[in-house]
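With the sequences and hints as input, model every part of the structure.
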Amino acid sequence: MSEKRWFVFYLFTIVLLGVIHNVWLMIGVIFLALLVNKEVKWRIFKKAFLALVIFNGTVTLSYLLYSLFVPIENSVLLLINLRALAITLLTFTLMHHINFHKVLTFNHTLSILYAFTYSQMMHLKKMLQEYYFGLKSRGVTMRSSAKKEQIKPLLETLFGTMLHKSNEQSLGLRSRGLLDD
Amino acid sequence: MHIPDGFLSPQTYLPAAVMGGGILMLAYKKVELDVEKIPMLSGVSAIAFVMMLIIIPIPGGTTVHLSGIAILALLFNPWVAFMSISLVLLIQALMFGEGGVTAYPLNMLSLAFLGSFSAYYGYALFKNFSEKFATIFAGWISIVLPSVFIATILGIQPLIATSNEGNPLFFPFGLEVTLPTIVLPHLLLGIVEGLVTFGVVKFLQTRFKRAFDE
Numbered sequence: 001m002s003e004k005r006w007f008v009f010y011l012f013t014i015v016l017l018g019v020i021h022n023v024w025l026m027i028g029v030i031f032l033a034l035l036v037n038k039e040v041k042w043r044i045f046k047k048a049f050l051a052l053v054i055f056n057g058t059v060t061l062s063y064l065l066y067s068l069f070v071p072i073e074n075s076v077l078l079l080i081n082l083r084a085l086a087i088t089l090l091t092f093t094l095m096h097h098i099n100f101h102k103v104l105t106f107n108h109t110l111s112i113l114y115a116f117t118y119s120q121m122m123h124l125k126k127m128l129q130e131y132y133f134g135l136k137s138r139g140v141t142m143r144s145s146a147k148k149e150q151i152k153p154l155l156e157t158l159f160g161t162m163l164h165k166s167n168e169q170s171l172g173l174r175s176r177g178l179l180d181d
Numbered sequence: 001m002h003i004p005d006g007f008l009s010p011q012t013y014l015p016a017a018v019m020g021g022g023i024l025m026l027a028y029k030k031v032e033l034d035v036e037k038i039p040m041l042s043g044v045s046a047i048a049f050v051m052m053l054i055i056i057p058i059p060g061g062t063t064v065h066l067s068g069i070a071i072l073a074l075l076f077n078p079w080v081a082f083m084s085i086s087l088v089l090l091i092q093a094l095m096f097g098e099g100g101v102t103a104y105p106l107n108m109l110s111l112a113f114l115g116s117f118s119a120y121y122g123y124a125l126f127k128n129f130s131e132k133f134a135t136i137f138a139g140w141i142s143i144v145l146p147s148v149f150i151a152t153i154l155g156i157q158p159l160i161a162t163s164n165e166g167n168p169l170f171f172p173f174g175l176e177v178t179l180p181t182i183v184l185p186h187l188l189l190g191i192v193e194g195l196v197t198f199g200v201v202k203f204l205q206t207r208f209k210r211a212f213d214e
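Chains as they are written, first to last, in the working numbering: chain A, 1 to 181; chain B, 1 to 214.
By construction, these hints were calculated from the structure, which means they are not laboratory data.
All residues carry an ideal CB built from backbone N, CA and C; glycine is no exception.
Hints are not guaranteed to be accurate.
[As the list claims (entries may be wrong)] Distance condition first, Cα-Cα at most 30 Å in a straight line; then the derived BS3-like pairs of lysine-lysine: (1) B/202 x A/152; (2) A/46 x A/136; (3) A/4 x A/41; (4) A/125 x A/38; (5) B/29 x A/165; (6) A/46 x A/125; (7) A/102 x B/37; (8) B/132 x B/37; (9) A/126 x B/37; (10) A/136 x A/125; (11) B/202 x A/165; (12) B/37 x A/125; (13) B/202 x A/125; (14) B/30 x A/102.
[Stated by the list, open to error] Distance windows between CB atoms, simulated: (15) B/208 x A/122: 20 to 26 Å; (16) B/162 x A/139: 53 to 59 Å; (17) A/138 x B/29: 47 to 53 Å.
Following this line, the structure appears as structure tokens:
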């Protein structure tokens with residue numbers, strides 16, 4: 001099946017998970033996603049579970065605390081969390097197995113924009129990580145380095161790199177004739 | 001401020017997807033992307049992504065973080081900022097699980113659309129009074145207005161999606177919980193966002209003047 005068809009199938013499945021309110025269906029989808037992912041299943045599961053804990057965890061905790069004072073149906077909480085885990089797992093599974101860039105090929109500009117943005121994001125993220133490790137190796141914490149005289153050059157480097165890469169990419173596009181002037 | 005997966009009902013995200021898709025198409029028509037603009041747009045999107053990296057989850061069903069939306073809206077224009085933030089939100093949802101895929105249309109409408117346009121027009125409203133105040137206000141409103149919208153959308157979930165027994169099927173807390181827990185932290189974070197917006201916009205316009213003059 002082509003990338004676009006897989007993506008449409010995925011969208012249809014996540015809408016279906018929102019319409020059917022059954023805990024066993026969610027568990028079934030989670031197991032299916034684990035099966036499909038074979039050797040990378042635990043890496044993808046860990047990533048999805050971490051996202052669930054970070055983004056849904058506070059609501060789950062506050063709902064549990066709330067249930068100490070007011071009698072509420074805790075199965076609701078289970079359904080919400082299993083649904084969130086199932087959808088996140090499906091998302092990461094899809095992203096692992098398909099090239100999302102190909103899904104966007106229906107629009108030439110959008111697919112190029114996506115590829116450039118993703119590469120710039122990863123580049124800046126790596127730069128920041130290296131900056132952080134550099135600070136750490138010198139025994140400097142992020143908090144103590146959050147001063148105007150340190151933030152300014154960092155900002156200048158980040159933005160300067162971004163502009164430099166933008167110019168480089170513009171030249172690359174022109175020379176390959178991917179986009180017309 | 002991203003809403004994760006599992007909190008919104010299809011009754012909410014399906015109409016939002018239609019609306020968000022329509023506005024996005026309009027944006028692509030309005031902003032004529034040429035060979036120069038595409039790499040620049042991807043670059044500023046990456047900067048916004050970096051600003052959104054540090055997140056703190058809050059009990060109201062969302063997270064607090066800086067956004068950089070106002071910076072983009074003021075340096076470029078609200079349509080460019082909207083397109084850029086929409087793309088960042090999509091990549092965050094698909095690759096990192098930050099903000100749900102089902103919640104993407106609403107995250108796009110609130111953060112990217114409301115955030116960008118409120119910043120731009122908020123700045124325009126006060127720029128004759130004081131440039132500095134207008135920039136800080138742009139940053140503040142770009143965070144606060146989307147937070148009110150998100151709190152309202154989450155808060156109405158128990159009203160529109162319940163089981164036959166009356167139990168909520170999606171986000172379980174009502175407006176009495178979401179409005180104070182989401183909006184109040186953002187009222188304070190908005191001040192930080194406003195100050196960061198002012199500092200970064202001033203710095204970039206001074207040090208990279210040529211890039212914005214082109």
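Hints, one by one, checked against the model:
1. B/202 x A/152: Holds. Residue 202 of chain B to residue 152 of chain A sits at ~12 Å (cutoff 30 Å).
2. A/46 x A/136: holds, 26 Å
3. A/4 x A/41: holds, 23 Å
4. A/125 x A/38: With a Cα-Cα distance of about 29 Å, the restraint between residue 125 of chain A and residue 38 of chain A holds, given a limit of 30 Å.
5. B/29 x A/165: holds, 26 Å
6. A/46 x A/125: It holds: about 21 Å lies between the C-alpha atoms, which stays within 30 Å.
7. A/102 x B/37: Cα-Cα ~22 Å, so holds.
8. B/132 x B/37: holds, 28 Å
9. A/126 x B/37: Measuring from Cα to Cα gives roughly 24 Å; hence the hint holds.
10. A/136 x A/125: With Cα atoms ~16 Å apart, residue 136 of chain A and residue 125 of chain A stay inside 30 Å; holds.
11. B/202 x A/165: holds, 22 Å
12. B/37 x A/125: This hinted pair holds, its Cα atoms lying about 22 Å apart.
13. B/202 x A/125: OK: residue 202 of chain B and residue 125 of chain A at ~24 Å, within 30 Å.
14. B/30 x A/102: At roughly 25 Å apart (the allowed maximum being 30 Å), residue 102 of chain A and residue 30 of chain B satisfy the hint.
15. B/208 x A/122: 20 to 26 Å: holds, 22 Å
16. B/162 x A/139: 53 to 59 Å: holds, 55 Å
17. A/138 x B/29: 47 to 53 Å: Given a distance of about 50 Å, which is inside 47 to 53 Å, the answer is holds.
Going down the numbered hints, you'll see the structure goes against none, and every one checks out.
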